[in-house]
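Participant: Given the coordinates of chain A, assemble chains B, C, D, E and F onto it according to the supplied hints.
Residue numbers (this note's numbering), protein chains in the order written: chain A, 9 to 255; chain B, 9 to 255; chain C, 9 to 255; chain D, 9 to 255; chain E, 9 to 255; chain F, 9 to 255.
In short, the hints are calculated from the structure, not lab data.
Please note: incorrect hints may appear among the correct ones.
Since copy identity is lost for identical chains, a pair holds within one copy or between any two.
[Claimed, not checked] Once the Cα atoms are required to be at most 20 Å apart in a straight line, the calculated SDA-like pairs of lysine to any residue come out as: (1) K231 / R169; (2) K231 / R127; (3) K231 / R175; (4) K231 / L181; (5) K231 / E180; (6) K231 / E202; (7) K231 / A41.
Each chain, letter by letter, is given below.
Number of protein chains: 6
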Amino acid sequence: MSGFRLALINPNTDAGHTASMAGVIEEVLPADARVSPLEVARGPRSIESALDGTIAAAEVVRTVQDHGAYDAYLIACFSDPGLHAVRELTSAPVVGIGEAAYRAAAMVARRFAVITTLRRGIADLEDAIDAAGLTRRCAGVLALEIPVARQGSEFPQTTERIVELGRVAMSELGAGALVLACGGMADVATVVGETVGIPATNGVAIGALTAYGLWRSGLRTSKRGAYAPPEPIPYDGMPAAAPLVAP
Amino acid sequence: MSGFRLALINPNTDAGHTASMAGVIEEVLPADARVSPLEVARGPRSIESALDGTIAAAEVVRTVQDHGAYDAYLIACFSDPGLHAVRELTSAPVVGIGEAAYRAAAMVARRFAVITTLRRGIADLEDAIDAAGLTRRCAGVLALEIPVARQGSEFPQTTERIVELGRVAMSELGAGALVLACGGMADVATVVGETVGIPATNGVAIGALTAYGLWRSGLRTSKRGAYAPPEPIPYDGMPAAAPLVAP
Amino acid sequence: MSGFRLALINPNTDAGHTASMAGVIEEVLPADARVSPLEVARGPRSIESALDGTIAAAEVVRTVQDHGAYDAYLIACFSDPGLHAVRELTSAPVVGIGEAAYRAAAMVARRFAVITTLRRGIADLEDAIDAAGLTRRCAGVLALEIPVARQGSEFPQTTERIVELGRVAMSELGAGALVLACGGMADVATVVGETVGIPATNGVAIGALTAYGLWRSGLRTSKRGAYAPPEPIPYDGMPAAAPLVAP
Amino acid sequence: MSGFRLALINPNTDAGHTASMAGVIEEVLPADARVSPLEVARGPRSIESALDGTIAAAEVVRTVQDHGAYDAYLIACFSDPGLHAVRELTSAPVVGIGEAAYRAAAMVARRFAVITTLRRGIADLEDAIDAAGLTRRCAGVLALEIPVARQGSEFPQTTERIVELGRVAMSELGAGALVLACGGMADVATVVGETVGIPATNGVAIGALTAYGLWRSGLRTSKRGAYAPPEPIPYDGMPAAAPLVAP
Amino acid sequence: MSGFRLALINPNTDAGHTASMAGVIEEVLPADARVSPLEVARGPRSIESALDGTIAAAEVVRTVQDHGAYDAYLIACFSDPGLHAVRELTSAPVVGIGEAAYRAAAMVARRFAVITTLRRGIADLEDAIDAAGLTRRCAGVLALEIPVARQGSEFPQTTERIVELGRVAMSELGAGALVLACGGMADVATVVGETVGIPATNGVAIGALTAYGLWRSGLRTSKRGAYAPPEPIPYDGMPAAAPLVAP
Amino acid sequence: MSGFRLALINPNTDAGHTASMAGVIEEVLPADARVSPLEVARGPRSIESALDGTIAAAEVVRTVQDHGAYDAYLIACFSDPGLHAVRELTSAPVVGIGEAAYRAAAMVARRFAVITTLRRGIADLEDAIDAAGLTRRCAGVLALEIPVARQGSEFPQTTERIVELGRVAMSELGAGALVLACGGMADVATVVGETVGIPATNGVAIGALTAYGLWRSGLRTSKRGAYAPPEPIPYDGMPAAAPLVAP
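Okay, chain A solo, but in the shape it has when bound (with noise of 0.2 Å):
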């Protein structure tokens, strides 16, 4: 089978973000893949609360139907901003990030703990979890107090914070493996898990094999449903919303 091309959605304006997880993604898909960078046009630099993340979906859909269709879409912010919206735009398989990586933290652990970048965010992402089904799975939500402006390999002191919480979470909540709730973590995944001694998710990482995994099976994203095309309803001052053509 032809290369598969997967488009990586980044909800932030942060290029240098972009770019960085697109590399991390070219580690791990198979050769013949190919990863396009998308990053929105407009918005906030990084995503830390709801109005963050609401302007954000509304960006990551205008983006979607600016850029073709593509084989499959990854949304690479941990709340998953615009997920429905846009698998209502194509049959591709659209993946979040926080979804692949709760779940596969759930298959090789009884119990992960997730750390986030700041305490205001903790009640969204356990809501979300709880959506995702799997509360019981989790023993805890932990925040650095560091916002995501400051994750990432270039920031140690942010890693060190990390790997004190994992460490509380290992020994105090019982949890065998820590989801790393941002984006901009995902380069400090390997190590931290190799320090505290657990598994630690790469979520782009694993949301690109995720996606990488529906498309290979032959699933597509259903058009029945609650993911049916939008309704053709007029809308104003921007263009209505349109149904990708496959690639």
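Facilitator: What follows is chains B, C, D, E and F alone, placed relative to chain A:
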């Protein structure tokens, strides 16, 4: 206490719909209350799919930011688009007509049924009811297969179909109340309730009264935890999020 | 529309408590509304255990039956004693201050904490929150170990302890709002909220406004399904149940 | 060990029903056990609505208080009226026939169905099953639309209807067992089970044996936490709650 | 009715443990009941991990098949290995000591805590409690970090540690009862309960009495639905499954 | 990175079935991956009842222990027999086709339906879906009443029946995707999906790709908590559990 000022946010661009909902509210709020009807400037003329809701949510946020502070906000679409985001922007109470209607129905009946426009929206409504903790209270969600654009008292055949489904809900599903899950159905709630013989929610009326009640009892949106003001993150291509100053 | 007539049912026999709650309600309802404060004629002077609540529930029913019809009923104890039974007796809306307070707190914060009188009551409150579908929204239930009889603004040490637990709830449990789970705490809600820095519910006020909102939006207790009038069963040693005739 | 003394509390005033339930229990308990049948002195002659149950619960408490201590208590109505309150009064085990029957059915089948008297009671039973954590195990609740007063082996048409619904439960709902949700159905459980071909619970028998089992294994109602003795609160117009002294 | 014949299946190969559990049962069952203690012929000498439980479950099935029919079966390990499979083999009641103990604890306290051997087993117990629908009733699961092999009254230091954790459960978690989650802890339940001051389950005793109660009330394992006899499928390398003929 | 080595464990003894599943996997994994098909040496030729699954789970464990270490393991039966136990034996990822298929279906549709072989297995599947946290996502489980032994493309009447039920699931239950809950249905998933018009999972393909994705993203089964290596407990009559040494 001086008069209550409620911002009515219509998440779609249908100004006729906005005016009709404002009329409903004026009838039920105390005499010295004032309603400011605001509709979004851009986006879908009605909301049927997750994509419509995703776009509308961002426009709701923008609309709230553009219009200064009110005593309370009502988001007048059953999927409550932008609800969490708007709560971050203000310490005034913010209510969605969906959550208000479900909770009201649960106080006048042990089991309620929901009547919506299109079948494609059923899963989304079910998930919203579940997130509200009311799954056990809901006897079922039934779809008219008549779109938002053909709701309201000027479409008598729609009302007939609502009555017909309401009777099914009462007799076969054991529902003791009906939630009419579309802002456009507000002006037929009374006649539907009387014809079927069980209470039917007017989400716009109960939503406005819920906002009034929160405000009048002194409750304000918490500024700690998840609804704290948005983080001071740079935005590209649009103004950054800025919390409203209370009146 | 002519004035709203609310029956305030105090499930305990403490008339001072009844008067104080009526005062709270008069302050928040519109000018032409009237409150009829009724306390039960017999039973516990305050309600701490399930036994107290069981006895009180039967007295609430008897009290409602003895006093004719009102536009709405408020049952002013956090365990909502007799709620379902009273709904069978009338087509007027019937609200319990417990359910009203939990639902209000859930609209101004993503996570709330509950402050109650005695530890022994925690499980009962947790079960009520679960039955209301709000377990996920509740960050915890904390007990003062100070009984109902020592609640209210005339016991400043109780207020200090509420503030202390409120701070624990906010800082350690991540609560964004407080539910003060005793009718007797109603008159300290404002000062607690301001001192702790997050909203604190006054269950009596929000309960009365919820009843008003249901009534004003035209909702009436369903007379189909579980809240149908009681079956015509003979009673021995006391009058049989008889539904109230609407005013 | 000397003989087991069980108090059978019939929450309704129908003495014939009490005697018939006592007969069922005498047949299944060991020879040296004694059953003391007690019915409430006042209240509904049968229990169909929440109102009946609310009144009956208070009478159950009063009856237990008036009759001294036993080795265990059985509350013989499917809605388990007064269960938590009675547990506060005693350190003896207290069992409700509802909880006993649901749990027994869940041990002889993966899915059970419930057959009750009137449709109006379905929601209440569903909520009780949910509170018991058995919602997933319950295939459905079906109503005969024949009241409590016409249950028992002297009404053969009722038995025919139970069998008919039992067959529907087995064939269409996939139920592997039947819970007959009325104390008055106890004497037809065997014939229903044999005719339909799946086990049917006799709640009175299994309830009495559950109480016996708890007692015989040395378990006593906890006197810490929620079931601690009632607080020493003054009661007006009636004697205050007073825990029973163990025999 | 003639005497009750109970098969006690010990899923591990420790014959001393089997004899001690049989002694516990003989003490609590009526005089004319007989216990047949059977341990598996092969497999782990104690069960700590899921692997041990998986092997043991198959041996439990084989043991039941090899020993003819009894009036009821008790599977005497807290993870209830082979429970569903054995129910397929017989129409006699089959009880696991885990499910029996959780349900008994839930009838004598509103919240119970579980004390187990090793931390590694906590998630498995939590999942079993959740599958039983009792998550909300469970205040926590605490581990001794002392293996099954060092349980029982001949290890007084283990008993001291159980008492210590029991006190933590009561004071800090609010537990009103203790579930001692190991068959080997059966003979210390009384002393633990008395020392801590709240009831502690003896799973073997309550399990045997639960089986007796099901049988005595006439309930038999359903032969429709999930517990129907195994399908007539060929087995390779071992005898095919064959349902037992009732005595 | 060098080639991926996947152990395919067929829990039943049907070697033809094993070969056919290996063929499915070879088609979807990257070219340098290798599949080692292993079936259990003893036990049921197909798995329909809990008893079959209990026996098979022990044989899966034994088979894994007898065959040395692989990069990942796939347990190819929808009830995922032995899954937790095998995870204790290895730090390689271990995937069951059941969990993989449910999770994949939940990413391509908001609601999925499950098609299984016999009605008797429905409760077991429902419980597995619930344990996976996906109850709300599942629109229903439908049974063909055609056993495992008559599944696969060589039984065209079975395929016709699957298509027929698939249409019912889509039209009446609102399912947007189908989970074909039997390894033997893997080779008809594509034709079923195309004929019905909604995606149908091939559990074997998506299971293998899920295992590949976990491995490729660097995730390994946690060796802390519930999946730690088995305790060093003596086994009688068979070799004790011994964790595999990673390759």
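Participant: Hints first: check each against the structure and report whether it holds.
Facilitator: Against the structure, the hints:
{"no.": "1", "hint": "K231 / R169", "in the structure": "neither (44 Å within a copy, 22 Å between copies)"}
{"no.": "2", "hint": "K231 / R127", "in the structure": "between (38 Å within a copy, 13 Å between copies)"}
{"no.": "3", "hint": "K231 / R175", "in the structure": "between (44 Å within a copy, 14 Å between copies)"}
{"no.": "4", "hint": "K231 / L181", "in the structure": "between (41 Å within a copy, 15 Å between copies)"}
{"no.": "5", "hint": "K231 / E180", "in the structure": "between (45 Å within a copy, 16 Å between copies)"}
{"no.": "6", "hint": "K231 / E202", "in the structure": "between (42 Å within a copy, 12 Å between copies)"}
{"no.": "7", "hint": "K231 / A41", "in the structure": "neither (25 Å within a copy, 33 Å between copies)"}
When the structure is compared with the earlier hints, violations turn up for hints 1, 7 and for no others.
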